[in-house]
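*Asks:* If you read the sequences in order, they're chains A and B.
Going by full-length UniProt numbering, the first residue of the first sequence is number 1, and it counts up by one from there.
Going by full-length UniProt numbering, the first residue of the second sequence is number 1, and it counts up by one from there.
Hint data in this document are derived by calculation from the structure and do not stem from the laboratory.
All residues carry an ideal CB built from backbone N, CA and C; glycine is no exception.
Misleading hints may appear alongside valid ones.
Only pairs whose alpha carbons sit at most 27 Å apart, straight line, appear in this in silico DSS-like list of lysine-lysine [unchecked claim]: (1) K252/B to K226/A; (2) K412/B to K369/B; (3) K226/A to K226/B; (4) K167/A to K412/B; (5) K305/A to K49/B; (6) K226/B to K252/A; (7) K167/A to K305/B; (8) K167/B to K226/A.
If you only want the chain B side, here are some residues facing chain A, beta carbon under 8 Å, derived [unchecked claim]: (9) D114; (10) T186; (11) E189; (12) G426; (13) Y439.
Computed footprint of chain A on chain B, listed as stretches where at least three residues anywhere in the stretch have a Cβ under 8 Å from a Cβ of chain A [unchecked claim]: (14) 198-205; (15) 290-304.
Protein chains: 2
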Amino acid sequence: MQMPQPDASVLARKDRLVARLSQVLAPDALIHDPAETRAYECDALTAYKCAPMLAVLPRSTREVADVLRICHEEGVPVVPRGSGTSLAGGALPTADSVILGVARMNAVLETDFDNRIIRVQTGRTNLSVTGAVEEEDFFYAPDPSSQLACAIAGNIGMNSGGAHCLKYGVTTNNLMGVTLVLMDGTVLEIGGAHLDAGGLDLLGVICGSEGQLGVVTEATLRILRKPEGARPVLMGFDDSEVAGACVSDIIKAGVLPVAIEFMDRPCIRATEAFAHAGYPDCEALLIIEVEGSDPEIAHQLTLIKEIAARHDPVEFREAADADEAGRIWLGRKSAFGAMGQINDYMCLDGTIPVSSLPMVLRRIGEMSKDFGLDVANVFHAGDGNMHPLILFDANKPGDLETCEAFGAEILKLCVEAGGCLTGEHGVGVEKRDLMLHQYDPVDLEAQLTVKDVFDPAWLLNPAKVFPLQVTEARRARPLAAE
Amino acid sequence: MQMPQPDASVLARKDRLVARLSQVLAPDALIHDPAETRAYECDALTAYKCAPMLAVLPRSTREVADVLRICHEEGVPVVPRGSGTSLAGGALPTADSVILGVARMNAVLETDFDNRIIRVQTGRTNLSVTGAVEEEDFFYAPDPSSQLACAIAGNIGMNSGGAHCLKYGVTTNNLMGVTLVLMDGTVLEIGGAHLDAGGLDLLGVICGSEGQLGVVTEATLRILRKPEGARPVLMGFDDSEVAGACVSDIIKAGVLPVAIEFMDRPCIRATEAFAHAGYPDCEALLIIEVEGSDPEIAHQLTLIKEIAARHDPVEFREAADADEAGRIWLGRKSAFGAMGQINDYMCLDGTIPVSSLPMVLRRIGEMSKDFGLDVANVFHAGDGNMHPLILFDANKPGDLETCEAFGAEILKLCVEAGGCLTGEHGVGVEKRDLMLHQYDPVDLEAQLTVKDVFDPAWLLNPAKVFPLQVTEARRARPLAAE
Numbered sequence: 001m002q003m004p005q006p007d008a009s010v011l012a013r014k015d016r017l018v019a020r021l022s023q024v025l026a027p028d029a030l031i032h033d034p035a036e037t038r039a040y041e042c043d044a045l046t047a048y049k050c051a052p053m054l055a056v057l058p059r060s061t062r063e064v065a066d067v068l069r070i071c072h073e074e075g076v077p078v079v080p081r082g083s084g085t086s087l088a089g090g091a092l093p094t095a096d097s098v099i100l101g102v103a104r105m106n107a108v109l110e111t112d113f114d115n116r117i118i119r120v121q122t123g124r125t126n127l128s129v130t131g132a133v134e135e136e137d138f139f140y141a142p143d144p145s146s147q148l149a150c151a152i153a154g155n156i157g158m159n160s161g162g163a164h165c166l167k168y169g170v171t172t173n174n175l176m177g178v179t180l181v182l183m184d185g186t187v188l189e190i191g192g193a194h195l196d197a198g199g200l201d202l203l204g205v206i207c208g209s210e211g212q213l214g215v216v217t218e219a220t221l222r223i224l225r226k227p228e229g230a231r232p233v234l235m236g237f238d239d240s241e242v243a244g245a246c247v248s249d250i251i252k253a254g255v256l257p258v259a260i261e262f263m264d265r266p267c268i269r270a271t272e273a274f275a276h277a278g279y280p281d282c283e284a285l286l287i288i289e290v291e292g293s294d295p296e297i298a299h300q301l302t303l304i305k306e307i308a309a310r311h312d313p314v315e316f317r318e319a320a321d322a323d324e325a326g327r328i329w330l331g332r333k334s335a336f337g338a339m340g341q342i343n344d345y346m347c348l349d350g351t352i353p354v355s356s357l358p359m360v361l362r363r364i365g366e367m368s369k370d371f372g373l374d375v376a377n378v379f380h381a382g383d384g385n386m387h388p389l390i391l392f393d394a395n396k397p398g399d400l401e402t403c404e405a406f407g408a409e410i411l412k413l414c415v416e417a418g419g420c421l422t423g424e425h426g427v428g429v430e431k432r433d434l435m436l437h438q439y440d441p442v443d444l445e446a447q448l449t450v451k452d453v454f455d456p457a458w459l460l461n462p463a464k465v466f467p468l469q470v471t472e473a474r475r476a477r478p479l480a481a482e
Numbered sequence: 001m002q003m004p005q006p007d008a009s010v011l012a013r014k015d016r017l018v019a020r021l022s023q024v025l026a027p028d029a030l031i032h033d034p035a036e037t038r039a040y041e042c043d044a045l046t047a048y049k050c051a052p053m054l055a056v057l058p059r060s061t062r063e064v065a066d067v068l069r070i071c072h073e074e075g076v077p078v079v080p081r082g083s084g085t086s087l088a089g090g091a092l093p094t095a096d097s098v099i100l101g102v103a104r105m106n107a108v109l110e111t112d113f114d115n116r117i118i119r120v121q122t123g124r125t126n127l128s129v130t131g132a133v134e135e136e137d138f139f140y141a142p143d144p145s146s147q148l149a150c151a152i153a154g155n156i157g158m159n160s161g162g163a164h165c166l167k168y169g170v171t172t173n174n175l176m177g178v179t180l181v182l183m184d185g186t187v188l189e190i191g192g193a194h195l196d197a198g199g200l201d202l203l204g205v206i207c208g209s210e211g212q213l214g215v216v217t218e219a220t221l222r223i224l225r226k227p228e229g230a231r232p233v234l235m236g237f238d239d240s241e242v243a244g245a246c247v248s249d250i251i252k253a254g255v256l257p258v259a260i261e262f263m264d265r266p267c268i269r270a271t272e273a274f275a276h277a278g279y280p281d282c283e284a285l286l287i288i289e290v291e292g293s294d295p296e297i298a299h300q301l302t303l304i305k306e307i308a309a310r311h312d313p314v315e316f317r318e319a320a321d322a323d324e325a326g327r328i329w330l331g332r333k334s335a336f337g338a339m340g341q342i343n344d345y346m347c348l349d350g351t352i353p354v355s356s357l358p359m360v361l362r363r364i365g366e367m368s369k370d371f372g373l374d375v376a377n378v379f380h381a382g383d384g385n386m387h388p389l390i391l392f393d394a395n396k397p398g399d400l401e402t403c404e405a406f407g408a409e410i411l412k413l414c415v416e417a418g419g420c421l422t423g424e425h426g427v428g429v430e431k432r433d434l435m436l437h438q439y440d441p442v443d444l445e446a447q448l449t450v451k452d453v454f455d456p457a458w459l460l461n462p463a464k465v466f467p468l469q470v471t472e473a474r475r476a477r478p479l480a481a482e
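The shape of chain A in the complex, shown without the other chains (with noise of 0.2 Å):
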């Protein structure tokens, strides 16, 4: 990949913004030291790193318009940052831009548990919002794998979903209102502690938006009220697409548990020697979870398991109580960790209709023998939120570009079958030349005219989400005089 290079303007222009900044930050909220800028020169997805010009900490509303009224002035380019767990580059700095990472703006602003919200700062941790609203049985449902890193900011960047998304929707579905910082310094107050106001519903399009249109630094969050109980079932399978026949009937069926989780035999195996779960040596494992009521609990179970009948499973393990349970999930939750453990590997991220299931496993299948990596299946399968695997050795010589190329196959192939490139990690830089696998040219303009508005001088997160040529281009324009 071609990252962009700094130029000349870049270093006479950073002594001037530096002078700038520094009249609207504290001291310790401004990184100008080569030496420690170096600590944002990624995020989660290692492979691809650029040291920023500058890293800024903003500590208020305030302090993130202030920052960006005077990069916007300075024609300097911002890289909006939460926590730096992006799996697809969503944080990547370019070589002339100003990270702005909002991780210490993490205060809870306001509970309100009669009308099931909460307001906080956006670089408050995912895990932590359900921190502060627990002791009152309440929690906030979307529960990425990062949860405990991840910022909400990232989280309404990306419209992260998670294990449990499957019943509680991703993060659009629990995002009531955001105060969003445009960037020429402008704050605008989208929706709010309320359903849907009149006029335009900006709020759906700011979740998701890759920090292509502003820095969200307040957001308003549904909590709802924690179940009065949970229980997995585990099931095996010898058939990886009998097992995704098995998910599609269940969904089909009107049942809807809280996760429905897939492994396959390489990702078992992995997680077995690494977590010890117990789990069988099978080709496909679903882990199902649903909640309630005992008697809805066991009502639910007893559905599933006669669907679950029907396709003859190898292994069906209910959990009669909490450590069971926890085993159930122990080699889930290990999953990722199993493989980084024994491999280098690509996390992918598409999204299929659940009835493509049992075809794109196979296909999958088909094309690892064709590419010469192996891939192993682990994914949100309920809704159709794939998560393969491609193993590759970054020690090999051209490993890691037939990994690429593969991986962009399986992308290509999620289209095809009617989903779509990306189910919770965004586009990121990682995706933006698949975009047109997407979209037609026609609807990509679509997005990019909002872009425009939003960000006339494309200064916001460059380089991200739409291929690169149609970024520069968008860049090469002069601007109408306003």
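Following the hints, complete the assembly by docking chain B onto the known chain A.
*Replies:* Below, chain B without anything else, positioned relative to chain A:
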């Protein structure tokens, strides 16, 4: 209210427009005789009337695109229309406009039960979407009161809800994708039968945009498996505020009924006289419906009964069978018709945080005395979507004006309480001048700039949603050369 009047150029343009449109439409799809265009002079907000210059009834996306392109080239405003059931004047013509009715575009294009979706042309009525899938035990969840007549196009335009949206969400939560035709005739595909794809999610801003951004000709909708069963309970209280507090407690406790409907004494009495549903004569009545399997229903009703008992209901009636369930719903479903038999009324549509229900009900009662007009309250209490009916006498000079002033005060109260102007009816012409109570100028400007990029000349559904002076200022601007 001041309505735009036809000017001389309108009459001059008409012949030319008819000639051009007749080249792309069948003769029966082009209505230009003034005696016939009167049929389109209003929607269900009959206080406002204005016949359009022309009406067209295209049969395909291609024809819609041709009509829009021609009107765009001629600079003629277009008012999209579904079934004309808007309570907010969302389909009210201006005299210089073309009404674009989608009623003839009502085909089912695809049903896919495995992936739980249906694709329809948007002229199809809401109830007939369920009609197309109910043999397989599926249904389409949003259920506005007008569902027998209202079109999916209008549901999308207004982001319609209904009695059961507490559990299933409103239109935006059940809409997967649309085919959108822009004013210049460009056809866009947005969303589809998959989770949120990468890039900017334009679907959210299209839904509820009241025909300001384009004309939706096809839609992919989520369909759901019918629940195994449902059971309503009816509770009577001798105090409206206590009933409101009971609703608030049920929501706070995390119970999620499929519907919580509220009626106050004026509404109960009018309904009883009309429908003889056997409702108790009390201050406030709640109808709460739960659904699921028998044990789920029993469990939820136990919790609801416990919470209700703390508020001393004067009546608590469970439905033992389908007949009793039907009688419980009979009165609520007849409420609007019953009120219309004895009074002229204006139906409002504000939303409030559920916890503000007691305060807002008390304030409406006080205002009712100040304005000297009675109010009957009937609404979706579970999600805070109020429908106060202000009763007036259309034959009494000044009564309508007093009613409008009273209505505006109630909607401002909703906004002050943290709610919004409209839950499901939309802004239309009715509430356009109240938008500045909901939004700061800077927040509204962000919406206007999005409108600008989709419809630069502001030709689509003119004089609605935004305050009239805002629209006029926007239309008076010289357009940038493209």
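*Asks:* None of the hints should be skipped; say for each whether it holds.
*Replies:* Status of the hints after comparison with the structure:
For the proposed pair K252/B and K226/A, the alpha carbon gap of about 11 Å is at most 27 Å, so the pair holds. Restraint check: the Cα-Cα separation between K412/B and K369/B comes to about 17 Å, which is no more than 27 Å; the hinted pair holds. Of the supplied pair hints, the one linking K226/A and K226/B holds, its CA atoms being roughly 25 Å apart against a limit of 27 Å. For the proposed pair K167/A and K412/B, the alpha carbon gap of about 35 Å is over 27 Å, so the pair is violated.
The suggested pairing of K305/A with K49/B is violated, with an alpha-carbon distance near 59 Å, which exceeds 27 Å. Restraint check for K226/B and K252/A: the C-alpha separation of about 11 Å stays at or below 27 Å, so the hint holds. Between K167/A and K305/B, the direct Cα distance comes to roughly 26 Å. Compliance with the 27 Å bound is thereby established for this hinted pair. With a C-alpha separation of about 16 Å, the suggested pairing of K167/B with K226/A holds against the 27 Å cut-off.
Against a cut-off of 8 Å between C-beta atoms, the interface hint on D114/B holds, since the closest Cβ of chain A lies about 3 Å away. Nearest Cβ of chain A to the Cβ of T186/B: about 6 Å, under the 8 Å cut. The hint holds. Because the closest C-beta pair between E189/B and chain A is about 6 Å apart, less than 8 Å, the hint holds. Taking 8 Å as the C-beta contact cut-off toward chain A, the hint placing G426/B at the interface holds, the least distance being around 7 Å.
Because the smallest distance between the Cβ of Y439/B and any Cβ of chain A comes to about 7 Å, under 8 Å, the interface hint for this residue holds. Restraint check on the stretch 198-205 of chain B versus chain A: 8 residues with Cβ-Cβ distances below 8 Å, three needed, restraint holds. Restraint check on the stretch 290-304 of chain B versus chain A: 6 residues with Cβ-Cβ distances below 8 Å, three needed, restraint holds.
When the structure is compared with the earlier hints, violations turn up for hints 4, 5 and for no others.
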